[in-house]
Amino acid sequence: MNGRQDWGFWLFIAILVILHFVLRVGLGFGQLAPDLLVVALLIAAREVRAGVAAGLGLFLGIIDGSLVPFALGSSAVVLTVLGFAGARSRELNSGDSLVFFALYLFAGKWLFDTLLYLITGSIFQPGASYLLLVSPLTALYAAAAGLVSLSVYRAFT
Amino acid sequence: MAALFFALALILLFLPGAYREALAGGVRATLLRPVLALQRGAIERDARLADPARLRAERDSLAAFLVGQAALAAENQQLRDILGLGRRLPPTFVSAEVVRLPGRSLEGSFQVTAGQRDGIRPGAPIVAAAGLVGRVREVDGTTATGIDWMNPDFRASAMTLDGEAYGIAEPRRGPGGEPMLALTGTPRHIRLAEGTLIVTSGHGGVFPRGIPIGTIAGTEGGGESWQKSYLIRPLVSPAEMNYVLVLGPPEPTGTMQDLAAAWGIRAEAPAPDSATFEQGGQLTGAPSATTSEPTTENPEPEPSTGPQLLGEPVRPPPADTTGPGAAG
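If you're matching them up, the sequences are chains A and B in order. Residue numbering for the first sequence follows the working numbering, starting at 1239 and increasing by one per position. Residue numbering for the second sequence follows the working numbering, starting at 3 and increasing by one per position.
Careful, some of the hints might be misleading.
[Unchecked claim] A few chain A residues facing chain B, derived, Cβ under 10 Å:
(1) L1249
(2) G1303
(3) S1304
(4) F1322
(5) A1325
[Stated by the list, open to error] DEER-style ranges, computed between Cβ atoms:
(6) G28(B) to L1356(A): 21 to 29 Å
(7) A1252(A) to L12(B): 21 to 29 Å
(8) G1333(A) to G121(B): 52 to 60 Å
(9) P18(B) to N1331(A): 38 to 46 Å
(10) P18(B) to G1333(A): 40 to 48 Å
(11) I1253(A) to T32(B): 14 to 22 Å
(12) E46(B) to L1385(A): 29 to 37 Å
(13) E196(B) to I1253(A): 55 to 63 Å
Hints listed in this document are in silico derivations from the structure and should not be mistaken for laboratory results. Here a beta-carbon is modelled for each residue, glycine too, at the ideal position from N, C-alpha and C.
Based on the sequences and whatever the hints tell you, model everything.
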C-alpha cells in the first residue's frame, strides 16, 4: 500500500467519499450501503503522515456532520482521532497483507462506532447492545467493501 | 499538526449550536448541494410510488369532506358576517417527509424535505396524522432540521383534554427501554387514569393548543413531592414519522388557537370535583358525533376549520347543519 500517493490514489479516495454520500444520502440506501467514508479515511491514513490524516479526518468529519442535525462536532472529533490512529497503525504493521488490512478496516470501523456512541450518547441511544451486535456486522461489511474497492483499485494500477 | 486539527475538532464540538448550524448550512449549500438535490429527487420518486391505494383513499376522503364542508363553510361565513365576526382562518401547513440518516444521526433529530422556500420557519410544530411529532429547529432554503419527542431537548407544555391538569411533556425511557414521554409537574391531588388523552396546552407559544400528544400509561416515580409525574405513551410512534405536516404561523385571531377539532377530539365537561379527576377525554380518531354537538352548555363549539390531516381518513360531517362546522 505504501508509496501510492499519486493523483490516481487520491482520485480513488475521492470516489469512495463521493460514493458514500451518493449511496447513503443521495439514493437513500442508509445503512444498506457500507460506510465508505470511514473506509476511505482508513485507507488514506495508511499513506500519509499522522497530521495530514488527522486533517483529512477533520475535513471529512465536517462534511459528514453537516448532514446530521446538531452533530457537526462529534463526527469531526471522531474522524480526526480515527485518521490519526490509522496513520499511527503503520508502526504496528506496514506490510501489504490483505488479512491485516481487513482486520484494520474492521477494527477502525468498530472504533469509529464506539467513539461516536461515547460522544453522542443520549438518553435513547440503542446502547451497548448496538455496539456488540450491530456494530460488528457493519464493521464486517465495511471491511469487505474496503477490500473489494482496494482490489478494484489495484486492478487498474 | 495533528494536535492542531484535534483542537479544531474539539472547538467545533463545543461551539454554540447557532454557529455550528451556520457552518453545517454552508457545507450543505456548497459541497453537499448535489447530494441533497439527488436525495430530494429520490424521496419524491419514492413518494410517487408509495402506497397508491392509501393515497387514493385519502384523496376520496378529502373530496367527500370538502363536498360536505362547502355548504357549512358558506353558511358559517354568512352568519359571521351578520354578527360582524371575522372569518377564522385555518392555519397553514406544509406537507413534508422526514429523512433520517441511520447510524450517524442523534436520536430524535431528523431532516425535513421542505424549507424556507416552502414557508417553514424555525420553531414550527410538526404533526402527523396521529398527533404531535416535534418541532423545527433550523431552516435552510429547501430543507429543515427538526427534533421529535424522543430528543432530549424536546419539551411541550401539555394538559389533559379538559384542562384539569397541566404539566410539561418531556422524553423518558419507559419500561424495557421503550421511548416514552413523561408529564411532569402535575398537581399531586389530581389523579390521571390510564388512557387519559394528553394534548398540547398552547402555553409558551411553541405549540398550538389541542394537538394530541399521547395517553397516560402510568405514574412515574413515587410521587414524594407536591407534584406528580406520569408516563405518556405517545400517539405517534417513531415508525410513523415518515410523512408529516409542518404547521405555519398561528392565525391572527387574537384568541388561543385550538386544533383539537382537527383531530376529532373535544374536551368533555370538567369533572365537578377536580380532586378526583379520572378521565380527561377519549381520542376518537376522526370527527364524530362526540366532537361537537351544540347544546345549551356549549353554545359555540369550535369550528372544524383546522388542518384536516392528510394521513387520517376524514369523514364527511353529518347532514345535520348544527354539526361541528355550523357555528364558530
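Numbers of the earlier hints that this structure fails to satisfy, in rising order:
1
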